[in-house]
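In order, the protein sequences belong to chains V and D.
Mapped onto numbering that gives the first Met the number 0, the consecutive letters of the first sequence carry residue numbers 0 to 247.
Mapped onto numbering that gives the first Met the number 0, the consecutive letters of the second sequence carry residue numbers 0 to 281.
No lab work stands behind these hints, which were simulated from the structure alone.
No residue lacks a Cβ here, since even glycine has one placed at the ideal position from N, Cα and C.
Take the hints with a grain of salt, since some may be wrong.
In silico DMTMM-like pairs for lysine to aspartate or glutamate, Cα to Cα no more than 25 Å straight-line [what the hints assert, rightly or not]:
(1) D:49 / V:134
(2) D:49 / V:172
(3) V:24 / D:194
(4) D:49 / V:147
(5) D:49 / V:226
(6) V:24 / D:111
(7) V:23 / D:166
(8) D:49 / V:108
(9) V:190 / V:217
(10) V:23 / D:217
(11) V:237 / V:226
(12) V:23 / V:50
(13) D:49 / V:123
(14) V:23 / D:194
(15) V:190 / V:147
Partner residues aside, some chain D positions facing chain V, computed with beta carbon under 8 Å [as the list claims (entries may be wrong)]:
(16) 42
(17) 45
(18) 50
(19) 119
(20) 122
(21) 124
(22) 195
(23) 275
(24) 278
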Amino acid sequence: MSYLRVRGLSVEFPIYQGGNRSLKKSLLAKTTQGNLAKDARDRLNVLALSDINLDIEEGDRLAVLGANGAGKSTLLKVLAGIYEPTSGGLYATGRVSALLTASVGLNPDATGRENIVLRGMYMDIHPREMRTRVDAIAEFSELGYHLDLPVRTYSTGMVIRLCFAIATSVRPEILLMDEWLAAGDARFLAKARRRMADFVGASSILVLASHSIPILEEWCNRAILLDHGRIVEMGSVKEIAAAYQQAA
Amino acid sequence: MFSVVGPETRAGSVGKLPTAPSRAQVAWRDLAEGAARSWMWVALALQDIKLRYRGSILGPFWLTISTLVMVVAMGAIYSTLFHMDAASYLPYLGIGLVIWQFISTVVTEGCDTFLRAESVIQQIPIPFSVHAYRAVCRNLLVLAHSFVIIPIAIVIFGPPISWRVVEAVAGLVMLAIDALWISVLLGMISARFRDVPPIVGNFLQVAFFLTPVFWPIEAVGGWKRLLALNPLFAAIDVIRAPLLGKAAVPTSWAIVFVSTVVGCAVTFLLFARFRTRIAYWI
Numbered sequence: 000m001s002y003l004r005v006r007g008l009s010v011e012f013p014i015y016q017g018g019n020r021s022l023k024k025s026l027l028a029k030t031t032q033g034n035l036a037k038d039a040r041d042r043l044n045v046l047a048l049s050d051i052n053l054d055i056e057e058g059d060r061l062a063v064l065g066a067n068g069a070g071k072s073t074l075l076k077v078l079a080g081i082y083e084p085t086s087g088g089l090y091a092t093g094r095v096s097a098l099l100t101a102s103v104g105l106n107p108d109a110t111g112r113e114n115i116v117l118r119g120m121y122m123d124i125h126p127r128e129m130r131t132r133v134d135a136i137a138e139f140s141e142l143g144y145h146l147d148l149p150v151r152t153y154s155t156g157m158v159i160r161l162c163f164a165i166a167t168s169v170r171p172e173i174l175l176m177d178e179w180l181a182a183g184d185a186r187f188l189a190k191a192r193r194r195m196a197d198f199v200g201a202s203s204i205l206v207l208a209s210h211s212i213p214i215l216e217e218w219c220n221r222a223i224l225l226d227h228g229r230i231v232e233m234g235s236v237k238e239i240a241a242a243y244q245q246a247a
Numbered sequence: 000m001f002s003v004v005g006p007e008t009r010a011g012s013v014g015k016l017p018t019a020p021s022r023a024q025v026a027w028r029d030l031a032e033g034a035a036r037s038w039m040w041v042a043l044a045l046q047d048i049k050l051r052y053r054g055s056i057l058g059p060f061w062l063t064i065s066t067l068v069m070v071v072a073m074g075a076i077y078s079t080l081f082h083m084d085a086a087s088y089l090p091y092l093g094i095g096l097v098i099w100q101f102i103s104t105v106v107t108e109g110c111d112t113f114l115r116a117e118s119v120i121q122q123i124p125i126p127f128s129v130h131a132y133r134a135v136c137r138n139l140l141v142l143a144h145s146f147v148i149i150p151i152a153i154v155i156f157g158p159p160i161s162w163r164v165v166e167a168v169a170g171l172v173m174l175a176i177d178a179l180w181i182s183v184l185l186g187m188i189s190a191r192f193r194d195v196p197p198i199v200g201n202f203l204q205v206a207f208f209l210t211p212v213f214w215p216i217e218a219v220g221g222w223k224r225l226l227a228l229n230p231l232f233a234a235i236d237v238i239r240a241p242l243l244g245k246a247a248v249p250t251s252w253a254i255v256f257v258s259t260v261v262g263c264a265v266t267f268l269l270f271a272r273f274r275t276r277i278a279y280w281i
């Protein structure tokens with residue numbers, strides 16, 4: 000049984016700029032009570048998530064809606080264990096896979112083939128196991144001989160195809176996704192959708208952040224609406240989508 | 000992959016959520032889980048080296064050659080300057096330079112441990128220590144390449160080979176442990192304070208001349224006891240002296256032990272305290 004529990008969770012981002020990035024200035028500020036180097040203290044905090052309470056159970060497909068900057072990506076990153084909450088708690092059982100950005104962990108100078116193994120390592124998959132999947136990934140991504148060329152020679156679409164093929168080659172337990180994966184280019188789309196259905200179907204929990212209501216309605220059975228880092232509404236995808244469009 | 004795993008809780012039974020482990024426990028788990036992923040950081044380190052030397056025929060053996068050239072050039076000049084005979088000076092200089100290069104890259108690249116992994120740290124939850132193990136492993140591999148010249152120098156110039164070689168191996172092990180805490184510590188500090196890498200760079204330049212790397216410590220006469228307290232010298236001495244068939248300066252091993260223990264302890268405390276902030280800093 001997988002689950003995610005979020006209790007009173009807040010995330011505050013310190014904004015480091017100018018002086019407080021400097022050790023010299025920070026030390027000066029300490030020793031001179033801030034008279035000499037005022038800029039070392041100009042630290043701003045941005046409250047990205049505030050008092051989030053959420054129970055996600057096995058079988059849940061949770062849609063995360065909200066305007067730009069509402070905290071969708073931050074919520075996914077906290078759930079993935081990338082950002083430690085500033086206060087509150089997060090409890091999870093089950094293996095969390097986060098698919099947040101397309102090109103993460105890709106090395107532009109390495110070949111497509113090498114990147115498949117590299118990317119696999121970042122997903123905690125042993126190179127030996129990943130090598131057995133190279134052929135399947137090569138076939139699905141339709142990259143052909145390009146796989147032996149450095150990734151920096153690829154077009155944007157080719158990179159997306161490669162990343163999509165790698166990312167969906169695993170069987171996730173708790174799956175956290177930003178919308179890039181649900182997109183994909185037109186020609187590739189039909190194939191990608193079928194693969195996506197298998198991929199999402201295999202997960203026990205899905206948390207999907209997106210602006211696209213049709214995609215959320217297709218994949219999800221619950222939804223939350225974020226605004227300024229707070230959950231303002233929770234309910235069925237239809238209700239929340241309506242509330243989201245009203246707010247926009 | 001990196002979540003708090005507790006006892007089974009039924010839906011709605013909020014009261015029975017597991018208590019979170021302490022910071023020290025989490026930090027320790029990070030180090031242990033990172034170490035257990037040796038397949039990951041060894042492969043990443045190999046990949047680093049492969050990419051760095053892609054397109055060059057000699058590959059990483061460029062390092063061997065550049066070290067060799069440096070040793071021969073400096074050897075010719077300084078053996079004359081110091082009035083030392085080349086047969087005893089060249090192995091001394093060679094070992095000193097090879098180890099200094101290791102220390103110096105570990106320190107310089109240590110500032111970059113977490114910064115260079117920025118995109119990964121912000122997207123994928125893997126133990127932070129993986130990045131440090133990767134840096135140490137990469138630099139040990141580089142060291143292995145330039146180390147090739149040392150047996151050659153020993154065979155040609157013939158300092159006696161004795162059981163002391165074991166001592167040198169122990170010295171190398173200590174150096175590898177030092178490399179780990181340096182990578183974690185400097186990696187964290189530089190992620191937070193961006194003026195640290197250039198400060199460290201300046202420090203290294205000065206340290207190269209103040210540390211008996213290419214000049215014999217006996218050359219300073221009365222200052223010898225003071226200079227022998229330099230932990231950088233001690234780290235080199237416990238490897239170099241045994242390889243040359245001599246005893247290390249008596250205080251060296253003690254200094255190596257103390258600096259390793261203190262370094263590990265301070266780094267662990269800071270790592271436990273600030274580990275979770277690294278993702279916010281970079």
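Unmet hints by their number, sorted upward, for this structure: Hint check: 2, 5, 7, 10, 12, 17 fail, others pass.
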